[in-house]
Amino acid sequence: MSNNIRIKKGLDIKLVGEAALTKSEAIKSNFYSIKPEDFHGLTPKLLVKAGAKVKAGEPIFYDKSNEAIQFVSPVSGELVEIIRGEKRRILEIKIQAEKTQTFLEHQKIEVKSAKAEDIKATLLASGCWPFIMQRPYDVIANPNKTPKGIFVSAYASAPLAADYDFVLTGKQAELQAAVTALSKLTTGEIHVSVSKDSHSPFTNLEDVVTHTVSGPHPSGNVGTLINKIDPINKGEVVWTVSPQDLVIIGELLLTGKFNAERIVALAGSGIKEPRYLVTKIGSEIATMVYDRGIEKEANVRIISGTVLSGKEIKPDGYLGYYSNVVTVIPEGDDYEFFGWTKPVFDKVSTSRALTFSWLTPNKKFDLNTNTNGEHRAFVITGSYEEVFPLDIFPMQILKACMYQDLDEMEALGMYEIAPEDFALTEFVCVSKQPHQKIIREGLDLMLKEIG
Amino acid sequence: MSLKSNLHTLKEKYKGTKMAPAFNALHTFLYLPNEITHNGTHIKAADDLKRTMNTVILAMVPCLIFGMFNAGYQHHLALGTIESAQGFLGASFWTWSNLVVGMWKVLPLVVVSYGVGLAIEFLFAVIKGHEVEEGYLVTGMLVPLIVPIDLPLWMLAVAVAFGVVIGKEVFGGTGMNILNPALTIRAFLFFAYPTWMSGDKVWVHGAVERAGTADAISGETILGSYAQSQEVVYSYADMFFGIIPGSIGETSKLLIILGALFLIFTKIGSWRIIVSTLIGALTMGLVFNGVVDAGWISSSSKFFGLMSVPFWQHLIIGSILFGAVFMATDPVTAAQTNKGKWIYGFLIGFISIMIRVFNPAYPEGVFLAILLMNVFAPTIDHYVVQGNVKKRLKRLKVKTT
Numbered sequence: 001m002s003n004n005i006r007i008k009k010g011l012d013i014k015l016v017g018e019a020a021l022t023k024s025e026a027i028k029s030n031f032y033s034i035k036p037e038d039f040h041g042l043t044p045k046l047l048v049k050a051g052a053k054v055k056a057g058e059p060i061f062y063d064k065s066n067e068a069i070q071f072v073s074p075v076s077g078e079l080v081e082i083i084r085g086e087k088r089r090i091l092e093i094k095i096q097a098e099k100t101q102t103f104l105e106h107q108k109i110e111v112k113s114a115k116a117e118d119i120k121a122t123l124l125a126s127g128c129w130p131f132i133m134q135r136p137y138d139v140i141a142n143p144n145k146t147p148k149g150i151f152v153s154a155y156a157s158a159p160l161a162a163d164y165d166f167v168l169t170g171k172q173a174e175l176q177a178a179v180t181a182l183s184k185l186t187t188g189e190i191h192v193s194v195s196k197d198s199h200s201p202f203t204n205l206e207d208v209v210t211h212t213v214s215g216p217h218p219s220g221n222v223g224t225l226i227n228k229i230d231p232i233n234k235g236e237v238v239w240t241v242s243p244q245d246l247v248i249i250g251e252l253l254l255t256g257k258f259n260a261e262r263i264v265a266l267a268g269s270g271i272k273e274p275r276y277l278v279t280k281i282g283s284e285i286a287t288m289v290y291d292r293g294i295e296k297e298a299n300v301r302i303i304s305g306t307v308l309s310g311k312e313i314k315p316d317g318y319l320g321y322y323s324n325v326v327t328v329i330p331e332g333d334d335y336e337f338f339g340w341t342k343p344v345f346d347k348v349s350t351s352r353a354l355t356f357s358w359l360t361p362n363k364k365f366d367l368n369t370n371t372n373g374e375h376r377a378f379v380i381t382g383s384y385e386e387v388f389p390l391d392i393f394p395m396q397i398l399k400a401c402m403y404q405d406l407d408e409m410e411a412l413g414m415y416e417i418a419p420e421d422f423a424l425t426e427f428v429c430v431s432k433q434p435h436q437k438i439i440r441e442g443l444d445l446m447l448k449e450i451g
Numbered sequence: 452m453s454l455k456s457n458l459h460t461l462k463e464k465y466k467g468t469k470m471a472p473a474f475n476a477l478h479t480f481l482y483l484p485n486e487i488t489h490n491g492t493h494i495k496a497a498d499d500l501k502r503t504m505n506t507v508i509l510a511m512v513p514c515l516i517f518g519m520f521n522a523g524y525q526h527h528l529a530l531g532t533i534e535s536a537q538g539f540l541g542a543s544f545w546t547w548s549n550l551v552v553g554m555w556k557v558l559p560l561v562v563v564s565y566g567v568g569l570a571i572e573f574l575f576a577v578i579k580g581h582e583v584e585e586g587y588l589v590t591g592m593l594v595p596l597i598v599p600i601d602l603p604l605w606m607l608a609v610a611v612a613f614g615v616v617i618g619k620e621v622f623g624g625t626g627m628n629i630l631n632p633a634l635t636i637r638a639f640l641f642f643a644y645p646t647w648m649s650g651d652k653v654w655v656h657g658a659v660e661r662a663g664t665a666d667a668i669s670g671e672t673i674l675g676s677y678a679q680s681q682e683v684v685y686s687y688a689d690m691f692f693g694i695i696p697g698s699i700g701e702t703s704k705l706l707i708i709l710g711a712l713f714l715i716f717t718k719i720g721s722w723r724i725i726v727s728t729l730i731g732a733l734t735m736g737l738v739f740n741g742v743v744d745a746g747w748i749s750s751s752s753k754f755f756g757l758m759s760v761p762f763w764q765h766l767i768i769g770s771i772l773f774g775a776v777f778m779a780t781d782p783v784t785a786a787q788t789n790k791g792k793w794i795y796g797f798l799i800g801f802i803s804i805m806i807r808v809f810n811p812a813y814p815e816g817v818f819l820a821i822l823l824m825n826v827f828a829p830t831i832d833h834y835v836v837q838g839n840v841k842k843r844l845k846r847l848k849v850k851t852t
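Those protein sequence lines, which keep their order, are chains A and B.
Those letters in the first sequence? Residues 1 to 451, per the working numbering, in order.
Those letters in the second sequence? Residues 452 to 852, per the working numbering, in order.
Watch out, some of these pointers could steer you wrong.
To be verified - With a Cα cut of at most 27 Å, we get these calculated DSS-like pairs of lysine-lysine: (1) A/Lys-28 / A/Lys-257; (2) B/Lys-841 / A/Lys-399; (3) A/Lys-234 / B/Lys-842; (4) A/Lys-234 / B/Lys-753; (5) A/Lys-228 / B/Lys-842; (6) B/Lys-579 / A/Lys-145; (7) B/Lys-845 / A/Lys-9; (8) A/Lys-234 / B/Lys-848; (9) B/Lys-790 / A/Lys-8; (10) B/Lys-841 / A/Lys-8; (11) B/Lys-466 / A/Lys-437; (12) B/Lys-579 / A/Lys-437; (13) B/Lys-850 / A/Lys-228; (14) B/Lys-845 / A/Lys-399; (15) B/Lys-848 / A/Lys-228.
What the hints contain is simulated information worked out from the structure, not anything from laboratory work.
Remember, it's a predicted structure, so these values are computed and weren't measured experimentally.
Start from the sequences and build out the full structure, keeping to the hints where you can.
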């Protein structure tokens with residue numbers, strides 16, 4: 001079964017530095033780090049102490065509010081340091097990898113005949129559960145609730161995102177195992193979106209419903225898929241999983257091993273030779289970005305994730321738990337003489353107010369991190385709607401989040417959205433408001449008050 | 452050291468002090484700031500509020516320059532020192548002496564408008580410790596364009612102070628106000644000094660001081676003539692090109708249309724509001740024409756003069772076009788949803804012409820109509836948004852039954 005979804009509202013931001021479709025091994029990282037802050041809203045409870053030896057796939061902490069959800073080490077080695085912040089909050093768990101990797105073996109599962117409870121128990125115990133996110137609230141799925149559907153976007157439309165067709169090549173068996181297993185955990189279907197002319201491995205899988213999406217970004221956002229197919233109503237839950245995480249889940253089910261391998265797109269204008277690297281979750285960012293990457297003394301921003309929703313990391317930082325892109329773009333901490341009024345040719349804009357990006361729709365831009373203006377109150381109306389395909393009023397819901405009116409937030413569709421859905425409205429915002437932060441705080445408030 | 456690094460050092464030095472917003476306002480005028488994104492989107496679109504506001508000002512500059520020429524022209528013409536220009540490119544219109552008279556009258560209005568308004572903005576920014584927002588850049592330009600040429604400067608200063616403080620700052624500044632500040636200023640002038648604003652003297656420079664003397668000149672707008680069912684001495688071409696008495700910037704329909712096209716092209720002005728306002732005005736005009744055709748009112752009625760104006764002519768007389776393009780489109784005070792903008796604009800046009808016809812004593816109803824709809828815009832939006840909310844509730848109901 002296949003359906004077409006075509007969206008018109010949106011914006012493709014074309015950037016310099018797309019990763020070439022070649023794969024190479026990254027330098028082996030000595031240290032790996034897991035940051036609890038990658039898992040939004042999580043309070044971790046440690047299972048091991050500093051100095052302990054762990055195997056790859058061995059649980060190192062669990063979720064305090066739901067003890068079944070385990071988080072595992074991506075590699076085997078010694079847990080060297082637990083970095084804590086204020087009030088002893090755990091910021092980072094550092095593991096020094098061994099030369100030869102040993103895995104914690106889980107029982108293999110025959111996905112076709114396995115029962116839902118067994119699959120769920122295996123995913124929880126093996127550390128695969130954190131890959132399953134839920135909406136409402138865009139947090140790790142609550143295993144006690146049954147979703148009305150599971151949504152996967154196998155088409156990344158965000159600027160410089162990793163090409164799923166490329167990174168999923170040859171992973172069909174893993175994907176099949178994962179979707180067959182997950183399809184038993186939902187009352188509905190697994191919906192997968194693929195791009196119009198792709199050779200996605202998903203098109204040949206069983207137990208999924210594929211949808212062909214076309215149109216500008218955010219056509220590849222999973223939120224767009226949900227909104228167009230089966231929007232979330234109050235009281236309902238859906239799960240979302242990203243394709244590269246399905247591969248890890250599938251491999252675990254097939255082999256019993258938690259293989260934290262990630263194929264990461266190293267992209268952006270700050271990288272000399274943008275390409276794909278094979279590495280592992282939590283590895284040192286320095287192992288990736290310096291080999292044929294960042295020039296010496298370059299003033300750049302390293303982002304774990306895409307330029308729209310990723311996290312800024314320092315050169316001594318680590319790859320985020322969910323990231324499959326590392327983007328490096330120039331910092332924009334410089335003044336620009338009469339920058340607010342002179343004609344602009346080298347920046348993206350949706351208006352034509354002496355901004356000329358509309359003349360060159362196929363040009364690739366080299367954007368930096370300058371905000372291009374100061375933070376202001378909401379003034380301009382109508383520009384968000386042009387890049388926002390969901391059936392929701394973006395400005396009204398943002399304002400509802402800001403004045404924390406729970407009833408209004410609920411009525412306007414808060415259960416359906418995640419911060420990343422507001423990345424484009426944030427990008428075009430003339431008042432430079434932090435939309436994704438506003439939405440995140442709104443979701444957190446609802447989660448706390450309503451649950 | 453270059454200017455750039457000098458200013459940067461100064462900025463760092465005054466960071467966090469009371470005067471920082473005032474300094475930053477001037478600094479960011481020279482240089483786009485060195486601010487960078489944190490988490491969220493790491494890149495941002497090129498537009499900021501300054502650029503947006505600047506675009507609106509650019510669209511108004513032709514109207515302002517034309518207004519200066521026209522001010523001098525009307526003055527000289529009324530005094531009888533020059534010939535009638537006979538059309539837009541007439542030799543006696545685009546003259547140096549016309550411009551000089553206009554500049555002497557108009558530039559002080561611009562200076563007072565910006566001077567008083569920005570001073571208040573800076574003051575509030577410093578007191579409240581936020582950055583100076585750019586909203587007043589457009590308001591300050593609009594105000595000189597919508598006042599009569601012979602308005603005393605002190606009156607303007609009082610009105611601007613009132614408009615900015617009561618119309619905007621008490622609501623929390625740019626982005627929070629309910630009423631369009633420029634129109635609040637205009638309304639204040641109208642209600643505080645009615646004899647000035649609604650008379651037939653203030654629209655041509657020199658008419659007031661000569662009133663009652665032997666060489667008195669008429670300073671009336673054509674709306675006044677229509678309202679009194681008098682013969683209108685201007686041709687349609689003159690009205691369209693704007694060679695008529697009136698508020699400084701609103702007379703030239705041609706330049707307003709060019710401004711409108713520029714605003715729509717740059718996607719700064721809402722074409723929905725502009726188009727729907729015009730549709731609303733035409734609709735009301737048609738209704739009145741129908742009333743006249745049906746013979747429901749006699750030619751002796753005091754409404755007859757304006758009611759019998761062919762509906763399309765309403766667009767080239769008075770300031771409905773200026774209001775539709777530059778006033779109704781203010782994004783803060785207009786309806787904020789796309790559907791709401793259609794309703795909001797239509798009602799502005801509709802009510803403008805209604806006031807124009809039914810209030811012959813002061814026939815220009817555009818500013819009142821826009822202010823009225825400013826008040827109702829949130830209500831319109833509320834119902835549009837409720838439509839979306841209802842759809843969501845219905846979806847839930849279908850599911851549960």
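Each hint tested on the structure:
no. : hint                  : in the structure
1   : A/Lys-28 / A/Lys-257  : holds, 20 Å
2   : B/Lys-841 / A/Lys-399 : holds, 19 Å
3   : A/Lys-234 / B/Lys-842 : holds, 13 Å
4   : A/Lys-234 / B/Lys-753 : violated, 59 Å
5   : A/Lys-228 / B/Lys-842 : holds, 14 Å
6   : B/Lys-579 / A/Lys-145 : violated, 48 Å
7   : B/Lys-845 / A/Lys-9   : holds, 25 Å
8   : A/Lys-234 / B/Lys-848 : holds, 10 Å
9   : B/Lys-790 / A/Lys-8   : holds, 18 Å
10  : B/Lys-841 / A/Lys-8   : holds, 24 Å
11  : B/Lys-466 / A/Lys-437 : holds, 25 Å
12  : B/Lys-579 / A/Lys-437 : holds, 24 Å
13  : B/Lys-850 / A/Lys-228 : holds, 16 Å
14  : B/Lys-845 / A/Lys-399 : holds, 24 Å
15  : B/Lys-848 / A/Lys-228 : holds, 18 Å
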